[in-house]
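Using numbering that gives the first Met the number 0, read the sequence shown as starting at 0 and increasing by one per residue.
These aren't lab readings, by the way, just hints derived from the structure by calculation. Please read these numbers as outputs of a predicted model, since none were measured by experiment. Some hints here could point you the wrong way.
Computed spacing ranges between beta-carbons, pair by pair [as the list claims (entries may be wrong)]:
{"#": "1", "residue 1": "D34", "residue 2": "D56", "range": "28 to 36 Å"}
{"#": "2", "residue 1": "M0", "residue 2": "D24", "range": "31 to 39 Å"}
{"#": "3", "residue 1": "V60", "residue 2": "T25", "range": "20 to 28 Å"}
{"#": "4", "residue 1": "H28", "residue 2": "I1", "range": "16 to 24 Å"}
{"#": "5", "residue 1": "I20", "residue 2": "R41", "range": "24 to 32 Å"}
{"#": "6", "residue 1": "D30", "residue 2": "G57", "range": "18 to 26 Å"}
20 Å max Cα-Cα, derived EDC-like pairs, lysine to aspartate or glutamate [what the hints assert, rightly or not]:
{"#": "7", "residue 1": "K7", "residue 2": "E68"}
{"#": "8", "residue 1": "K11", "residue 2": "E22"}
{"#": "9", "residue 1": "K55", "residue 2": "D24"}
{"#": "10", "residue 1": "K11", "residue 2": "D34"}
{"#": "11", "residue 1": "K7", "residue 2": "E54"}
{"#": "12", "residue 1": "K7", "residue 2": "D18"}
{"#": "13", "residue 1": "K7", "residue 2": "E58"}
{"#": "14", "residue 1": "K7", "residue 2": "D34"}
{"#": "15", "residue 1": "K55", "residue 2": "E5"}
Think of the CB as a built atom: it goes at the ideal place given N, C-alpha and C, for glycine as much as any other residue.
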Amino acid sequence: MIRYAEEKDIEKCVALGVDMIREGDTFKHFDINLDDMRAHARRAMGDLYCYLVLEKDGEVVGFFLAEIE
Numbered sequence: 000m001i002r003y004a005e006e007k008d009i010e011k012c013v014a015l016g017v018d019m020i021r022e023g024d025t026f027k028h029f030d031i032n033l034d035d036m037r038a039h040a041r042r043a044m045g046d047l048y049c050y051l052v053l054e055k056d057g058e059v060v061g062f063f064l065a066e067i068e
C-alpha cells in the first residue's frame, strides 16, 4: 500500500535513506548527519513536498520524497 508519510515513519525512512547512501558509489564516503535527515523528513511533510511511503505487510519498505516546484 502506498500512502502519505506520517511522523511515525521518519525513523524507518531515515534508516532506508542511510542504506541507500551506503550502497551507492557517489556518497557512501560522506558523513551522515541523522538529525539533519530527520529534520528534512519532518519538513517534507509540509505542503511543498510529496512524501510517500510503501508498506508491505504493515512495514515501511520504501519511500518517495520530492520537492514540489
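- Query: Within a Cα-Cα threshold of 20 Å, do K7 and E68 meet the stated pairing?
  - Reply: Measuring from Cα to Cα gives roughly 26 Å; hence the hint is violated.
- Compare the distance between the alpha carbons of K11 and D34 with 20 Å, and conclude whether the hinted pair is satisfied. Within the cut-off at roughly 14 Å; holds.
- Return holds or violated for the Cβ distance of D34 and D56 against the range 28 to 36 Å. holds, 30 Å
- Message: Just to be careful, I want the Cα atoms of K55 and D24 compared with a cutoff of 20 Å; is the pair within it?
- Response: violated, 28 Å
- Message: So if I understand the rule, the pair passes when the alpha-carbon distance is 20 Å or less; does K7 with E54 pass?
- Response: Since the Cα atoms of K7 and E54 sit roughly 13 Å apart, the hinted pair holds (cutoff 20 Å).
- Item | Hint consistency between K55 and E5 [alpha-carbon to alpha-carbon, up to 20 Å] | Holds: K55 and E5 sit about 16 Å apart, inside 20 Å.
- Task: Compare the distance between the alpha carbons of K7 and D34 with 20 Å, and conclude whether the hinted pair is satisfied.
- Result: Distance ~16 Å between K7 and D34 Cα, so the pair holds.
- Range hint 24 to 32 Å: satisfied by the CB atoms of I20 and R41? Once the Cβ atoms are compared, 19 Å apart, the range 24 to 32 Å for R41 and I20 is violated.
- Does the structure keep K7 and D18 at a Cα separation of 20 Å or less? holds, 19 Å
- Query: Is it true that the C-beta distance of H28 to I1 lies inside 16 to 24 Å, as the hint says?
  - Reply: violated, 32 Å
- Take the C-beta atom of D30 and the C-beta atom of G57, compute their distance, and say whether it sits inside 18 to 26 Å. violated, 33 Å
- Is K7 within 20 Å of E58, Cα to Cα? holds, 11 Å
Of the numbered hints given earlier, the model fails hints 4, 5, 6, 7 and 9; all others are met.
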